[in-house]
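Protein chains in written order, with our numbering: chain V, 948 to 1301; chain L, 948 to 1301; chain Z, 948 to 1301; chain D, 948 to 1301.
It cannot be assumed that every hint is accurate.
Repeated chains share a single entry, so a pair holds when one copy, or any two copies, can fit it.
[What the hints assert, rightly or not] Restricting the straight-line Cα-Cα distance to at most 25 Å, the calculated cross-link-like pairs of lysine-lysine (DSS-like) are:
hint, residue 1, residue 2
1, K1216, K1062
2, K1156, K991
3, K1216, K1029
4, K990, K1216
5, K1216, K1156
6, K990, K1156
If you're looking for bench data, these hints aren't it; they were derived computationally from the structure.
Chain by chain, the residues run as shown.
Protein chains: 4
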Amino acid sequence: MANKVKAVLIGGTGYGGSEILRRLLFHPHVEVVRITSVDNVGKKVGDVHFNLAGLTELTFQEMPAAQAVAGADVAFLAMPHKTTAKVVLDIINSGVRIVDLSGDFRLRDAAAYAKYYGVEHPAPQMLSDGAFTYGMPELNREAIRKARYIASPGCFATTIALGLMPLARAGLLSGPIHTVAATGSSGSGANPQITTHHPLRASNLRTYKPLEHQHIPEILQSLRIAGAHPETSLEFVPVSAPLPRGIFATSFAEVPASTTQEQLTAAWKSAYGSEPFIRVISGGRQPEVIGVSGSNYVEVGFTLGPVTGATRRVVCFSALDNLVKGGAGQSIQSFNIMMGFDERLTLAEPGLWP
Amino acid sequence: MANKVKAVLIGGTGYGGSEILRRLLFHPHVEVVRITSVDNVGKKVGDVHFNLAGLTELTFQEMPAAQAVAGADVAFLAMPHKTTAKVVLDIINSGVRIVDLSGDFRLRDAAAYAKYYGVEHPAPQMLSDGAFTYGMPELNREAIRKARYIASPGCFATTIALGLMPLARAGLLSGPIHTVAATGSSGSGANPQITTHHPLRASNLRTYKPLEHQHIPEILQSLRIAGAHPETSLEFVPVSAPLPRGIFATSFAEVPASTTQEQLTAAWKSAYGSEPFIRVISGGRQPEVIGVSGSNYVEVGFTLGPVTGATRRVVCFSALDNLVKGGAGQSIQSFNIMMGFDERLTLAEPGLWP
Amino acid sequence: MANKVKAVLIGGTGYGGSEILRRLLFHPHVEVVRITSVDNVGKKVGDVHFNLAGLTELTFQEMPAAQAVAGADVAFLAMPHKTTAKVVLDIINSGVRIVDLSGDFRLRDAAAYAKYYGVEHPAPQMLSDGAFTYGMPELNREAIRKARYIASPGCFATTIALGLMPLARAGLLSGPIHTVAATGSSGSGANPQITTHHPLRASNLRTYKPLEHQHIPEILQSLRIAGAHPETSLEFVPVSAPLPRGIFATSFAEVPASTTQEQLTAAWKSAYGSEPFIRVISGGRQPEVIGVSGSNYVEVGFTLGPVTGATRRVVCFSALDNLVKGGAGQSIQSFNIMMGFDERLTLAEPGLWP
Amino acid sequence: MANKVKAVLIGGTGYGGSEILRRLLFHPHVEVVRITSVDNVGKKVGDVHFNLAGLTELTFQEMPAAQAVAGADVAFLAMPHKTTAKVVLDIINSGVRIVDLSGDFRLRDAAAYAKYYGVEHPAPQMLSDGAFTYGMPELNREAIRKARYIASPGCFATTIALGLMPLARAGLLSGPIHTVAATGSSGSGANPQITTHHPLRASNLRTYKPLEHQHIPEILQSLRIAGAHPETSLEFVPVSAPLPRGIFATSFAEVPASTTQEQLTAAWKSAYGSEPFIRVISGGRQPEVIGVSGSNYVEVGFTLGPVTGATRRVVCFSALDNLVKGGAGQSIQSFNIMMGFDERLTLAEPGLWP
């Protein structure tokens, strides 16, 4: 095992941590040396995540993060926000690389963090300084290559930003965006709640946090970096849907009235032509979850709508797996890039059909 | 059984027909005298719709519509569009009252029919003359009371129009509306298709007919009658979701920038305060399918969004059961009104929980 | 409202309580005067069970049971076992009739109670004395007619006993029975648990308490009363299935080798020919959940298997809704009988299709 | 690509063919050179199986099998029974190795084939001669190593046989076995049918072919080879459950009355201690689908039941993914063994969680 990257996973009992392990345990250049958690301490990984039974002898250990990262090359953080920020402050000077799946270091704007996460950030300077690099390869692959600290994007944020990014890249995006995105229940995490109670979830559709979801500033930040007009705004309605995995987003966007189908086709091709995980859907079909569920792939597409005055509507669709490209998979993609590996390592396999 | 209304059901093997029977067989003032179909001819109703086993001795009969309605007071039509228009022409002069669940007589504008249904209407004059009364009690109860021919609204059309109607009634609705509505699989009917194949449907989310769904002109027609500005437009994206029953709609609408929460609360109360099947949801919760599934009830609600220039956004939510209030249930509600019965007959019972 | 039966519901926030209310609120001879609970105290019923919004102004009240039943004619108890037994002791001398949905007063054998429920019964004499009448109309309708205290059967117990009862009634049942019954998630109650967490439940099948489920003695008690040989035994494996409502049971039973198809057809007809809620399925189809879900109806059927020595196998199938005929619905059926009402009151309507 | 095994897939549009491709396209020693089908001819693989979009340029071709296998080293056959037998006769002398997923060459007894498949086998001599080797590595790995023609086991057959095999291997299995196994909807194939129509499947449980399923003789054949008493019999009830993937089997078996827990623990360990894909579950948990869904792994376990006369009951549980270990995955496992590769190639990865 010499020369392998030594990885530690902080917070291993959630679905994000589980998905990271599902990949890292089979990564040719990685050795997972330690997994910490506050739940299930002492249990074998396979006794909590049944799919991993027999694939590792590691157990969940409870220990301070600073101790956990000793000797490790990289720490994957799979914890809730707020908790994560404190842990990062404990290990930021230890020399370990960090790949963080929480929302704590994604934003550059501490005021937006305070507004949408409901607490003041404990280290706002780290946000404005960009201490962490936003881990969306399609947005900033080169920055990731040079990074030591990665803030891996949120699930809705990835779906919606990737759906609209070609418009931003082409300089066509401005004005208000209206988005509805429906998500599977695994996005709510591994702890049972009334909103994931099977009898109520299995035949239900409902919204939560409409116009208030914490991914709103994250999406706008990405789109502006990609080229959206600074005054682009986003009204986002999340919907809880009765499936375990997957997000499907519909975004109504405004482009100049003169925009043509050809122009948009070129914009999507230009944005994603060489991206290994983005599938631009055309030819009558539109993106759907079933084609990407369980995998790191994303389906994106659009429909050109009517002209209203000086603007024309484009409806952008995008679909991905919230735990893979919307979470653990993307974090490993960025990790691969940061380490100089082929970014597809452990991620190239397709999802299930059906 | 003297004095009971004699009802015939034309097209009884689909889910609409089944739901009509589930109600009419228990209606205190109705006797179902005949059920026709082209499938399952000769079978007992309970051998096709298992839930009705033992509750009626009727069988499916194949016969011309003109013959089927002989001696009947009312014909419920539960057939596909195009087929229905032909049947109506065969029975329109027979004196029988008609309650039609298809889309063939809902629109007043024959050009819109041709555009969205893909065929010329065989009797366009009947559309422009308003031969059929649009059977949405919340929109035009008095007209229904005087009607003999009812065109019962579509499932998406009911959900979306009821979600937005308070804004229209209050004179606040204009400009483009952006709607995403997710629907259960029963909306696709009783015939197996690839889009309702369980392995692909159970864990999927996808769109179909985005911006092209045939309910678009129906919704606009209703909203304009209710008071929406004539130039109000609608961009609608339907989404297929993995549940059997229910529709959840999210509509982004524009109102004047000065509009307040109090004004909207009053608008919803004014529109629906005395409606027996509309539940205005407030107090932190938003509409969801689970509360209305299996019943004729509708949940509606809204969230007030940001001001952009001269306009302010309101996001309207609505949820109902596509086969009941979005189909058969509403058709019976209108039938009850037309016949002078209590409109809640057979419809007052709540849905299941959970 | 004079002359109506005054009913109080003790424990109204669970799914059993909710289903009782769904029926009793529409019962022509009942007035629900009070609902108690320990959760959601002070909330309106419709703010907890969304389907009941607007249908009652009652709120959940916390008060001692003895106080709650004051002035009431009947108390429906919808609480967990153990808790229930204590409440019953508090109200048993108050004169109020009791319909109990828990397992605390179903068994006659206190030792079996202690073994399967894991605690000594606080009033074992009440069990052996038969203070409560077992509320399964198909088994003992006449006893229910004379009862004042009803112990309503369990969901698995109802499904399995009704599936096998024709064999017992015909004197054909003896030897070991092997049963697998799969249940929907609502059977686990309204409180979120890991076994009802949507991401894990939605695509899973698993067993729990195999050979140890507390309904085993209840089923044997019923079958022996119906005529099964005293040494009949039952090995029962419950399975958790990914649907909200319904139980489907498969029971392998032994009958004499000489038993014929005609004999069995006659046995099922004899047992259930006049039962209002039992549908004997034949003609190539077998029972399934979809035909009875949401209703008080039961589908039963059988397949005759091979001869092995002196015995022949019969495989019995049965399907019902765990919350209706397997719970609240059956409790109201027994209540109707006890009060001298038509036993079908509020229960005659079919379930949904689909 | 020199030195790679050239594989052709005959019948590539079903779920079995899709799952084979999902693996073979990433197999380090295999090149898929051709895919035939009768549906979707000319389409790209990724336009039918959306998960494979972009991963291969192959299209579905229609051509005679004899032509399709020209130049290939191995043909994977993923077609219905009956059709398959004819194709095999066309290519059996071509020199190509065959891995067949159908039921046409699994049985040694042509009479059993005729009885359970409803047709005479076109080449009964091939059955009795054992022209094909039954591809269940846990049963006959050494025979597979020497084979050129593999008949890959059925999904129910694999689940049930693997659940009971330790008893057979230990010489403990005799008498009648009673099995109920619930399956996901993908087992019914890619063509929409009424039994996989989402509205009816999503909330249903039902049986089909009770006591008559064609996997019965296949299971008995395996168990007898493993050491079951020749008079062991099987009564099997399949159940359709509302999930896309997975089978959960419960088998009631008889062992000598003296059998102990320790003896059985040893039997399971002895049977499966070195098997790469079998997980023996103990310690209070029992097998469940969620731990193996999407993977080639199997969970097996048991509960010791009561003594009845000279026998004692053991209830055996087993769970797997019907399309992977119950289908395509197992066929590749056998292929790997036959070719002298590590049998885990492309199969070692765990399934999803959740």
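Here is what the structure says about each hint:
For the homomeric pair K1216 and K1062, neither the shortest alpha-carbon distance inside one copy (36 Å) nor that between copies (32 Å) is at most 25 Å. For a Cα distance limit of 25 Å, the shortest separation of K1156 from K991 across copies, 23 Å, qualifies, whereas the shortest one inside one copy, 36 Å, does not. In this assembly of identical chains, the alpha carbons of K1216 and K1029 never lie at most 25 Å apart, being 39 Å within a copy and 41 Å across copies at closest. When the C-alpha separation of K990 and K1216 is checked against a cutoff of 25 Å, the pair qualifies only between copies, where the shortest distance is 22 Å, while the shortest distance within a copy is 48 Å.
Taking the closest pair of Cα atoms, K1216 and K1156 come within 25 Å of each other only across two copies (23 Å); inside a single copy the shortest separation is 34 Å, beyond that limit. Taking identical chains as interchangeable, the C-alpha atoms of K990 and K1156 lie at most 25 Å apart only when they sit on different chains, with a minimum of 23 Å there against 35 Å within one chain.
Hints 1, 3 from the list above are not met by this structure, while the remaining hints are.
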